[in-house]
Amino acid sequence: MEFEEIKRILGLCCFEDNLLIMGYRTIAGVDEVGRGSLAGPLVAAAVILDRKKILFEGINDSKKISEKKREYLYDLITDNCICWAVSEIEPSEIDKYNLTKANIMAFERAIGKLEIEPDIILADYVNVKGTSSASPGDYPAECLPIIRGDQKSVSIAAASIVAKVTRDRIMKNMSALFPEYGFENNKGYGTKRHLLSLRVHGPTNIHRVSFKGVLN
Amino acid sequence: MGNIGEAIAKLVLEKKNYRIIEQNFNSGIGEVDIIAGIGGILVFIEVKTRTSDDFGSPSESIDANKVLRIRKTASCYFTRKAAAGFKDYRFDIIAIMVKKNKIRTVFKKINCDGTGVNDISIIAEDLINGCTIEHIESAF
Chain A
1 MEFEEIKRIL
11 GLCCFEDNLL
21 IMGYRTIAGV
31 DEVGRGSLAG
41 PLVAAAVILD
51 RKKILFEGIN
61 DSKKISEKKR
71 EYLYDLITDN
81 CICWAVSEIE
91 PSEIDKYNLT
101 KANIMAFERA
111 IGKLEIEPDI
121 ILADYVNVKG
131 TSSASPGDYP
141 AECLPIIRGD
151 QKSVSIAAAS
161 IVAKVTRDRI
171 MKNMSALFPE
181 YGFENNKGYG
191 TKRHLLSLRV
201 HGPTNIHRVS
211 FKGVLN
Chain B
1 MGNIGEAIAK
11 LVLEKKNYRI
21 IEQNFNSGIG
31 EVDIIAGIGG
41 ILVFIEVKTR
51 TSDDFGSPSE
61 SIDANKVLRI
71 RKTASCYFTR
81 KAAAGFKDYR
91 FDIIAIMVKK
101 NKIRTVFKKI
111 NCDGTGVNDI
121 SIIAEDLING
131 CTIEHIESAF
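Residue numbers (my numbering), protein chains in the order written: chain A, 1 to 216; chain B, 1 to 140.
Because the hints were derived from the structure by calculation, they are not lab data. Bear in mind that the values here come from a model prediction, so they are computed numbers and not experimental data. Watch out, some of these pointers could steer you wrong.
[As the list claims (entries may be wrong)] Reference listing, derived: stretches of chain B covered by chain A, where coverage requires no fewer than 3 residues with Cβ under 8 Å from a Cβ of chain A:
| no. | region |
| --- | --- |
| 1 | 3-10 |
| 2 | 40-48 |
[To be verified] Just a few of them, taken from the derived set where beta-carbon distance is under 10 Å, the chain A residues facing chain B:
| no. | residue |
| --- | --- |
| 3 | Asp17 |
| 4 | Asn18 |
| 5 | Ile21 |
| 6 | Met22 |
| 7 | Gly23 |
| 8 | Tyr24 |
| 9 | Tyr125 |
| 10 | Cys143 |
| 11 | Leu144 |
| 12 | Ile146 |
| 13 | Arg148 |
| 14 | Pro203 |
| 15 | Ile206 |
| 16 | Val209 |
The C-beta atom is built at its ideal place from N, Cα and C for all residues, glycine as well.
The following block holds chain A by itself, in its conformation from the complex (with noise of 0.2 Å):
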């Protein structure tokens, strides 16, 4: 590995770093994908990394990597890991609570199926221009919530990855069970395409029909 690589990667731990000096010992990293997708389950992840095992090359923001990479480290931190969990919050969940609020309880699920308890919890703060954003009072119990946080630190970056993989693994089976909506490539997001089979064919049972789009 490039040493360029290794020193961004560390920059990458530096939350991590800080709160083990403080004398946090187990530090669990949490991130949700599918917040926006028209379809399909919100899926959140919870991973508490092996500071010793920790280079895992090109490691990022799931979104800022290729599907192919995503799927290459998916496997390297889930063999590396200390322990990792998802959750998923299913489309009629989603109906009927909030967003915000089932984005907390998928986190709050995840966490709770982690084999260790963490001592401390990293996530992403969700602070999304012109909704609503999860009040801190919202996170679970000792809960750094990080602006960005998938960008900076390492333990959020691998949750982001193992929820992305997760889901959309997920929604290449919801492909073959409903072909027309084309959610091996969408992954349930309002593509056009997704749009105008929406207006054909009408939704899913997998689609939020509370969503603006789906129901028309």
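Following the hints, position chain B against chain A.
Same frame as chain A, now just chain B:
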């Protein structure tokens, strides 16, 4: 983004009117955490951070090898940079002991005031009151 212990040390030094000249000066041989100036003296500072869980006082953990490396790095500094205007130099240790339950209250405060954390050094200001800070001048 930096190291929380160094951020606390930097705040302490600034309060005492030290001028921070350089941070994390790296020679091939070693590294000095903070280089600062006060009253015409150039001070090389090693920062040690501990929580109340850990054994031993922070100043005990600096061994002869480390001392040698810091001295060598200091002489690299003199040769590479113009350390002009200083009449003397000194080696200090700043030892920081953080109370672990104070950390929890700081995180709660971050959570309550509505902002996520951009930079770990934001926490330093809040943590200072919960720390025992020992500034040992001429430690070696």
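Status of each hint after checking the structure:
1. 3-10: With 3 residues closer than 8 Å to chain A, the region 3-10 of chain B meets the three-residue bar; holds.
2. 40-48: violated (count 0)
3. Asp17: Hint holds; A/Asp17 Cβ to chain B Cβ min 8 Å, cut 10 Å.
4. Asn18: holds (4 Å)
5. Ile21: holds (5 Å)
6. Met22: Since chain B brings a Cβ to about 5 Å from A/Met22, closer than 10 Å, the hint holds.
7. Gly23: holds (4 Å)
8. Tyr24: holds (8 Å)
9. Tyr125: Holds: closest Cβ of chain B sits about 3 Å from A/Tyr125, inside 10 Å.
10. Cys143: Holds: closest Cβ of chain B sits about 7 Å from A/Cys143, inside 10 Å.
11. Leu144: OK, holds: A/Leu144 within 10 Å of chain B, min 6 Å.
12. Ile146: holds (5 Å)
13. Arg148: Constraint on A/Arg148 satisfied, holds at 8 Å.
14. Pro203: Check failed: Cβ of A/Pro203 comes no nearer than 35 Å to chain B, outside 10 Å.
15. Ile206: At 32 Å from the nearest chain B Cβ, A/Ile206 fails the 10 Å test, so the hint is violated.
16. Val209: violated (32 Å)
Violated hints for the displayed structure, listed by number in ascending order: 2, 14, 15, 16.
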